[in-house]
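Q: Chain by chain, the residues:
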Amino acid sequence: DAGVTQSPTHLIKTRGQQVTLRCSPKSGHDTVSWYQQALGQGPQFIFQYYEEEERQRGNFPDRFSGHQFPNYSSELNVNALLLGDSALYLCASSFPPPTGGRYGYTFGSGTRLTVV
Amino acid sequence: AQKVTQAQTEISVVEKEDVTLDCVYETRDTTYYLFWYKQPPSGELVFLIRRNSFDEQNEISGRYSWNFQKSTSSFNFTITASQVVDSAVYFCALSDPNTGNQFYFGTGTSLTVIP
Chain R
1 DAGVTQSPTH LIKTRGQQVT LRCSPKSGHD TVSWYQQALG QGPQFIFQYY EEEERQRGNF
61 PDRFSGHQFP NYSSELNVNA LLLGDSALYL CASSFPPPTG GRYGYTFGSG TRLTVV
Chain L
1 AQKVTQAQTE ISVVEKEDVT LDCVYETRDT TYYLFWYKQP PSGELVFLIR RNSFDEQNEI
61 SGRYSWNFQK STSSFNFTIT ASQVVDSAVY FCALSDPNTG NQFYFGTGTS LTVIP
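Those protein sequence lines, which keep their order, are chains R and L.
For the first sequence, our numbering begins at 1 and goes up steadily by one.
For the second sequence, our numbering begins at 1 and goes up steadily by one.
The hints are simulated quantities; they were obtained by calculation from the structure and are not laboratory data.
Any given hint might turn out to be false.
Straight-line Cα separation of at most 30 Å, DSSO-like style, residue types lysine-lysine; simulated pairs [claimed, not checked]:
#	chain 1	residue 1	chain 2	residue 2
1	L	Lys-3	L	Lys-70
2	L	Lys-16	L	Lys-38
3	R	Lys-26	R	Lys-13
4	L	Lys-38	R	Lys-13
5	L	Lys-3	L	Lys-38
6	L	Lys-16	R	Lys-26
7	L	Lys-70	L	Lys-38
8	L	Lys-3	R	Lys-26
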């Protein structure tokens, strides 16, 4: 049973560019959440997608946007990259709320984004 | 507002010692869930334990045990007879149904087990 799959694993971008990160959820899960983890910090919630719509959003600017496809996979897009966007981006899949929060997430290994 | 505090930034223990990781949380809600996750160098967050706010019974699961006390808003995690493979960063997290079940993570505790 495949877990959460994220691609690419590493990425280097130049300040001002745009980036797209991809996530395939664990089989049986239909909700995808994205988290940003800066070096030495805990993950911070970006947003959550369920039924192809953004359901919850954390304190992130509009430069961060996403999408969920009918097969439940998801993309995270970041425009106008800043040096401060350098981080590990984690995708987590779960059952939809409220069940999802009760049983927790399954996380992928993340995409390490470096902005230079 | 929800907040999770892990005061211990780094801990080092010698193999086979017991180690306790501290977690203090803040929430105004009566229904919430608490978790511990482990993050090895590979980056993936691995689920360890879960507790809901209505169940303060403390349990042992293999080498893992936890102490949940609502009176002090603490959810501490203990590894018994630590092993080198336990070396990782450990995160305590709070899930709140009132905010769409998003997770609030602490800043993590880096555990090093010395052989």
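Q: State for each hint whether it applies.
A: For each hint, the structure was consulted:
1. L:Lys-3 to L:Lys-70: With Cα atoms ~15 Å apart, Lys-3 of chain L and Lys-70 of chain L stay inside 30 Å; holds.
2. L:Lys-16 to L:Lys-38: Roughly 19 Å between the alpha carbons, so the hint for Lys-16 of chain L and Lys-38 of chain L holds.
3. R:Lys-26 to R:Lys-13: Cα-Cα ~28 Å, so holds.
4. L:Lys-38 to R:Lys-13: Holds, at roughly 29 Å.
5. L:Lys-3 to L:Lys-38: 19 Å, holds
6. L:Lys-16 to R:Lys-26: Given pair Lys-16 of chain L, Lys-26 of chain R is violated - Cα atoms ~35 Å apart, limit 30 Å.
7. L:Lys-70 to L:Lys-38: 23 Å, holds
8. L:Lys-3 to R:Lys-26: Holds, because 28 Å separates the two Cα atoms, which is no more than 30 Å.
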